[in-house]
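Given only the sequences and the hints, what does the whole structure look like? Please build it.
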Amino acid sequence: MSANGAPVERHHILTVLVENKAGVLARVAGLFSRRGYNIFSLAVAPTDDDRFSRLTIVVDVESAPLEQVVNQLDKLVNVVTISELAPASAVQRELLLATVAAAPAERSQVIQLVGVFGGEVVDVGADRLTVMLAGPPEKLDGFEGLLATYEVVDLQRTGRVALPRIDVQPPTSRRLRTVGPPAAS
Amino acid sequence: MQLTGAQALIKSLEMEGVEVMFGLPGGAILPVYDPILSSSIRHVLVRHEQGAGHMAEGYALATGRPGVAMVTSGPGATNIVTPLSNAYMDSTPLVVISGQVPTAAIGTDAFQECDITGVTMGITKHNWLVKSAEDIPDVVASAFHVATTGRPGPVLVDVPKDVSFAEMEWHWPGNLDLPGYRVPGAPQRADIEAAVALMAAAERPVIYAGGGILKARAAEALRALAERTGFPVVTTLMARGAFPDSHPQCLGMPGMHGNYTAVTAMQRADLLVALGARFDDRVTGRVDAFAPRAKVVHVDIDAAELHKVRRADVAIAGDCKVVIEALVEAAAPAFGELGPATRIDKWWDQLRRWQRDVPLHYERHDGPPIKPQMVVETLRDASPPDTIVASGVGQHQMWASQYWRFDHPYTWINSGGAGTMGFAVPAAIGAKVGHPERTVWAIDGDGCFQMTAQEIVTATAERIPIKVAILNNAYLGMVRQWQEMFYGERYSEVYLSPDLPDYVKWAEAMGAVGLRAESPEEVAPTIEKANAVEDRPVVVDFRTDAFEKVFPMVPAGASNDDIVVHPEHEERAGAERLAWERLAEEQRR
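For the protein sequence lines, the chains are H and Y, in the order given. Quick note: the first sequence uses the numbering used here, first residue 1, plus one each step. Quick note: the second sequence uses the numbering used here, first residue 1, plus one each step.
Calculated from the structure, these hints are not laboratory results. Be a bit skeptical, because a hint or two may be false.
Taking CB as the label site, the calculated pair distances span [unchecked claim]:
1) H:167 to Y:558: 53 to 59 Å
2) Y:188 to H:29: 15 to 21 Å
3) H:167 to Y:188: 28 to 34 Å
4) Y:175 to H:46: 22 to 28 Å
5) Y:217 to H:46: 24 to 30 Å
6) H:109 to Y:102: 43 to 49 Å
7) H:29 to Y:109: 33 to 39 Å
8) H:127 to Y:109: 41 to 47 Å
9) Y:108 to H:108: 52 to 58 Å
10) Y:286 to H:123: 41 to 47 Å
11) Y:190 to H:29: 34 to 40 Å
12) H:36 to Y:311: 17 to 23 Å
13) H:47 to Y:17: 35 to 41 Å
14) H:154 to Y:149: 47 to 53 Å
Quick partial rundown of chain H residues pointing at chain Y, CB under 8 Å, derived from the structure [said to hold, decoys possible]:
15) 10
16) 19
17) 27
18) 36
19) 67
20) 68
21) 72
22) 77
23) 79
24) 125
25) 128
C-beta atoms are modelled at their ideal positions from N, C-alpha and C, and glycine is treated no differently.
Right, here's the structure in full:
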C-alpha cells in the first residue's frame, strides 16, 4: 500500500529527462491537467549535466492508460527521454522532514524512534524537534504512522525519486526512448 | 555581419524561404516591422489579428508550405489564439511571431503585456520566448522544423522588444539543438505484413482516409493502394480531395453529416484501414457502437493517436506516404492473383445498392427561397475543376463538403477540429495569396461572414480577388437545426435577419463587388457575373431557405446506426437496417 492507502498497482513511476529550460515544468504539468491525467507525486532536480533536469513522476493510471500518458508526454519538444520503472526493479527513495512537539520528558522517546528507523534529528528547540528520514516510501509510511503518536507540528515529504536497479535487467521496465542526453554528460 | 535582433528575425524568415506573411504591427513588434521595408517577403496588412492567423492557415492548407503571421504583444497576441488553436486541431503548419514587452518588464504587468507562451502552451506544438538576439536564428529554424515535420502544427515565437533592438553577430544554425524532438522512422516490415494479411482476409474492408494523407502528400500513394486492393475509400472532412470524389471507389464523407453509404460502410465493415485519421467523435458517433465488427489497421505519424480512441489490431507509427507505399508494395502478391474486382464483389454490390437507394438528397423547387445545396451545385458546375473552396463552420460547411466534387488535393480549406466560425473569408484570402492563378470561392454562412468580414478590406487593398458566396438563411443555421430537432423547436438566440446588415452594400463599402440572388433562376447568372470579376473581391448574398436542414445526420452521442436520413429515404434506410439486424442475428445463432 502507498501513503494514501491506494493499491500500488495504480501507480507507475516515470523518470523523465527534460531540457533544463524555462517553463518545462509548466509544460509537463499543463499536459497532465489538460488531458485529465493525475500526478500522484512529482520530484524535480537538475542532473549532473546542467542542460537537463530529471522529473520523477508517479502517475495515477486510473485516470488514463499509461501508454497514452507516455505517448503524449513524448510529444513535448523539451522531453528528452522517458523511462517507466516497475516498482520491483527500481530503487526508490523519498525524504521526510517532520517537526514534532516533544517536551523534554518525551524527547528521548522520539529520538529513540528516529534511531530505530535510521533517521536523524536535524534541529532541536526548547519543546520541539525536527527529524529527518530518507528511505523507501513504505518505510516513510511506517515512520509517519508511528510519529503520529506524538504531536506532529509540520510534516513534509519530497515525493519519490527512482532509478533502475543495476544488478537486474528488469523484464517489465521498458526504455521508452533510447536517445539519451548527448555524450557530454 | 552585425545585425539587430529584428533584422536577424526577418533574415531568418527569408532563409526559411518565406515569401509572404500576414500581420499587423504594434508597440512591442515595431522594431521587426522596420526591416520588412527592405525584405523580399511580402507582408499582407490585416484588419484584425485573427484574420492574419486564418490567412496563414489558408495559405498553408492550399500550398503545403508553413503559414507565417506576425502580431504585437498583449491583445495582438491574444487575438491570434483562435487561429493557433484551430491550426493545432487540424495539424496545420503555422509559425506565429509575436512581440513581447522588454525582458526587464516581463512579469510587471507592463502595458500590453501578456504571458502568451503560457496562454498558448496547450494549443501549440511548441513555443519559444527568445531571451537573447543571438538565439534568434536558431529559434526560427527550430520553429519551422517543428511546425513542418512529424505531425505538423502551429508554433509561436515570442520576441521581447529589447531582444529585437539588441545587436548580434549573424549566423545560421547548422544543426538544431532539439534533443527531445524526433519523428518516427520507417515502418517495421512485420507490421506492414500484418496489415496486408488483415487486408487480404477482409470481406468488407473500408479505407478510412484522414487529413494525414494530405499532410504527408500521400494522395497518389492512397490512390495506388485503393486501386491495388479494390477497397472502397471514405474521405473525412479533413481529407476531402485526398481521393477524387469522381473515382468509382470513392464513397465520400463519413461522420455526423456523412452520406449514408460512407457512414454505413464503416459501421458494417470487417476491416478499417485508417490512414492519417484519428477516430474523431464526429466520425465515430458513439465510440462503443462504432464499426463493432471491424478489425483496425491504424497508420498515424503521431504515436499518441494510436489506440487513443479505438484499439488497433495493427498500429503503425509513421509517415502516411512511406507506410502506404510500403503497403502497396507488400500487397502486390496477395492482391495480384485474384484481382481487386472479384475479391470483394459482394461488398461492392451492397455498397452500390446503398448508393442507389439512399443518395444525398434535397427537394428541388423552382420558386424562392433558394435551396442552399443548389447554390453549391451550381457553383461547382460553373467553376474550374481546380477551384479552391474555403468554408466556415456550420450548415454551409457541410453542404459544401457534401455537394462539391473534390477531385484534387488541397482544394478544400476548412476548419475541422476546432470548428471556428469566421474561418472562410481570411482562409480564402490566404489560399488565394498562395495560388493567385486559381479561382478561390469562400462558401460562407451569414453568421460566419459577420465574424471576419472586415478582411474583405484587406483583400481589396492588397488586390486579392477572392469570391464569397454567403448562404444567407438569416439564422445561425446549424444551431437552429439542433434546436428544431433536439430542443422541441424552441429557437433561442439564433435569428440573424436576412438584410441586416445589407451584405451588398457592406461588400461595396469594403471595395468589393456586391451581388444578390433571391430566386433559383438568378443563381446561375449571378455566379457567372461573379466569376467574371477578376480585379477585386466579390461577395454574393444568396437568400437561401432558412428551414433547410443538413441530412443525413447522426445525432450527437448516438450510434452511427441511428443515422437520420432525408425523410424521403427513411423507409429504405429503415428496411436496410432491419435486414442487417436480421442477418446479424442469424450469424449469432
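Quick one: which hint numbers does this structure break? Sort them smallest to largest.
-> 2, 5, 6, 7, 10, 15, 18, 24 and 25
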